[in-house]
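K.L.:
Chains A and B, in that order, give the protein sequences. Just add 12 to the spot in the first sequence (first one is 1) and you have the working numbering. Just add 12 to the spot in the second sequence (first one is 1) and you have the working numbering.
Mixed in with the good hints there might be a few duds.
Unchecked claim - List of simulated lysine to aspartate or glutamate pairs, EDC-like, C-alpha gap at most 20 Å:
#1 109/A to 195/B
#2 205/B to 220/B
#3 24/A to 49/A
#4 24/B to 49/B
#5 205/A to 251/A
#6 205/B to 272/A
#7 215/A to 108/B
#8 109/B to 220/A
#9 215/B to 108/A
#10 205/B to 271/A
#11 213/A to 108/B
#12 205/B to 268/A
#13 205/A to 272/B
#14 222/A to 216/B
#15 24/B to 53/B
#16 205/A to 263/B
#17 109/B to 216/A
#18 222/B to 74/A
#19 215/B to 263/A
#20 109/B to 223/A
#21 109/A to 223/B
#22 109/A to 220/B
#23 202/A to 244/A
#24 215/A to 263/B
#25 222/B to 108/A
#26 213/A to 263/B
#27 202/A to 165/A
#28 222/A to 108/B
#29 205/B to 263/A
#30 213/B to 263/A
#31 213/B to 240/B
#32 213/B to 268/A
#33 205/A to 271/B
#34 205/A to 268/B
Keep in mind the hints are simulated off the structure, nothing from the lab.
Below are the chains, spelled out letter by letter.
2 protein chains.
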Amino acid sequence: MAMSVGSRGQKKRPLILVCNDDGIGAPGILALASSMDGLGDIFVVAPVTEQSAVGHSITLRDPIRAFTFPFRIPSGSIDAWAVHGTPADCVKLAIEKLLPRQPDLVVSGINQGPNAAVNVIYSGTVSAGTEATILNIPAIAFSYCRWVGGDYEASGRIARQIAVRVLDRGLRSGILLNVNIPDLPFAALKGIKITRQARSKWKESFTERKDPYNRSYYWLSGTFVNLDSRDDTDLGAIENGYVSITPVHHDLTAHDQVDEMRSWTWDDK
Amino acid sequence: MAMSVGSRGQKKRPLILVCNDDGIGAPGILALASSMDGLGDIFVVAPVTEQSAVGHSITLRDPIRAFTFPFRIPSGSIDAWAVHGTPADCVKLAIEKLLPRQPDLVVSGINQGPNAAVNVIYSGTVSAGTEATILNIPAIAFSYCRWVGGDYEASGRIARQIAVRVLDRGLRSGILLNVNIPDLPFAALKGIKITRQARSKWKESFTERKDPYNRSYYWLSGTFVNLDSRDDTDLGAIENGYVSITPVHHDLTAHDQVDEMRSWTWDDK
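Chain A on its own, in the form it takes in the complex (with noise of 0.2 Å):
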């Protein structure tokens, strides 16, 4: 267990810290509190406005505000901020400035709506998640596979589940669990599966209108194109009924391409 953070050992009653993409007003991130009621001092750094598809953005050229913001789980009053900023931001300066010590555990969601295959790179949700782990504190993602409206109970229960676990077992240091709840009722889920990203790509689409200028401006939009959903991706458990869970890293590097490239000759360098 050497390499592992967050295991189990601690004296101290666990801080975890509540993040998500959707904004500090989102009910997501009200469910997922209130799901980590009990399991250690919950404190929610959220920003003030949707932040989706932020990717793994950081704000360096303003400067970031945070403001207490009331915030109320089933046990009581928790202290809370709402940042003018992106999740990354919002989880560097929780951990420098507003926490009372390091986290034992970042969770990030619950987002309205996936983040499955491709669209893992553009999610601010799962961003939170990464930046923890870059700063070696385990961390959760959770979506859920609705895009409007619905019923995060289900959710909910499902995120203290996995909570409870990782605080338990702790989870490989530069691991993110990036968890993707399916709409259905609890007792309608069949159950959790460890996943793998599937491969898919967006058919894009810009809709063109014009100004009152006649200058043309774009909106971006498109289609979600799934090219693999085998029963051990995150897509396929989804389909299926099953609760996604696909661990995640931040290491870019195409391992398998590395040998296969070194034995490329290149002119004289």
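Place chain B on chain A using the hints.
P.N.:
Showing chain B alone in chain A's frame:
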């Protein structure tokens, strides 16, 4: 070669899209577009303003605008657009709306400053390339390992060498080359090394200031901590005077953890 893209055998002149994250007026993109001169039809689509550290951000909540921009390389004027958006937006918009046909190669940079180790996930330069690989187009991101000023001559020559090789051989589908060029004259560069991302982190620090109303705001800064400078890493190669090429993909799955985690037990799901 069934899995490779952009390989030899194309009849028509290659189309090369040039993007960056430092903005269309930066010296690095002029050096990069100029270094591609003669290799194909060169088009530039790049952000209006600096977009450093935007990560893989895309613009969904605002419309995107593009304006033609005067751009001249040694052989003459080329078509260029300045985009109010992120590097990933630029690549999507270029391919879907601005270019006369699908690019055969997307090159990004030349970034002012390195993009190595953990910084790859924050890099807008890399994200432009990643966006291309998601669309199955070979891509190369170039960074010049000097934070301010300097001379892009050696970097431009290296960029051309690597682009020639990739246009000739293709790249495996989904692979981006992340290239970092040391701040040395061309003749002093020791060669090219195929590397992996070094493990590293930032030791964050936030500088706190007060506004005239006595409210705090924070500037994110920090110190880079290299945890791993072995010879086979990007940082190791750069430090030793080699051009570093790291093959990068966008599958964030920690595959070595998938099997291990399948042995975990969960309460009742």
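K.L.:
Given the hint that residue 205/A pairs with residue 268/B, test it: the Cα-Cα distance must not exceed 20 Å.
P.N.:
Since the Cα atoms of residue 205/A and residue 268/B sit roughly 15 Å apart, the hinted pair holds (cutoff 20 Å).
K.L.:
Taking only the CA atoms, is the gap from residue 213/A to residue 263/B under or equal to 20 Å?
P.N.:
holds, 12 Å
K.L.:
Straight-line Cα separation of residue 109/B and residue 223/A no greater than 20 Å?
P.N.:
holds, 18 Å
K.L.:
Is residue 222/B close enough to residue 108/A, meaning Cα to Cα at most 20 Å?
P.N.:
Answer holds: residue 222/B to residue 108/A is near 17 Å, not above 20 Å.
K.L.:
Holds or violated: residue 213/B with residue 268/A, Cα cutoff 20 Å?
P.N.:
Violated, because 24 Å separates the two Cα atoms, which is more than 20 Å.
K.L.:
Taken at face value, is the distance from the CA of residue 263/B to the CA of residue 215/A at most 20 Å?
P.N.:
Within the cut-off at roughly 18 Å; holds.
K.L.:
Quickly compare the C-alpha distance for residue 213/B and residue 263/A to 20 Å and report which way the hint goes.
P.N.:
Holds, because 12 Å separates the two Cα atoms, which is no more than 20 Å.
K.L.:
Run the distance test for residue 109/A versus residue 220/B: straight-line Cα separation, threshold 20 Å.
P.N.:
holds, 9 Å
K.L.:
CA of residue 205/B to CA of residue 263/A, is that 20 Å or under?
P.N.:
holds, 18 Å
K.L.:
Next pair to validate is residue 205/A with residue 263/B; report whether the Cα-Cα distance is within 20 Å.
P.N.:
Holds, at roughly 18 Å.
K.L.:
Does the structure keep residue 205/A and residue 251/A at a Cα separation of 20 Å or less?
P.N.:
holds, 12 Å
K.L.:
Is residue 222/A within 20 Å of residue 108/B, Cα to Cα?
P.N.:
Holds - the C-alpha atoms of residue 108/B and residue 222/A are around 18 Å apart, at most 20 Å.
When each numbered hint is compared with the structure, violations occur for hints 1, 2, 14, 32.
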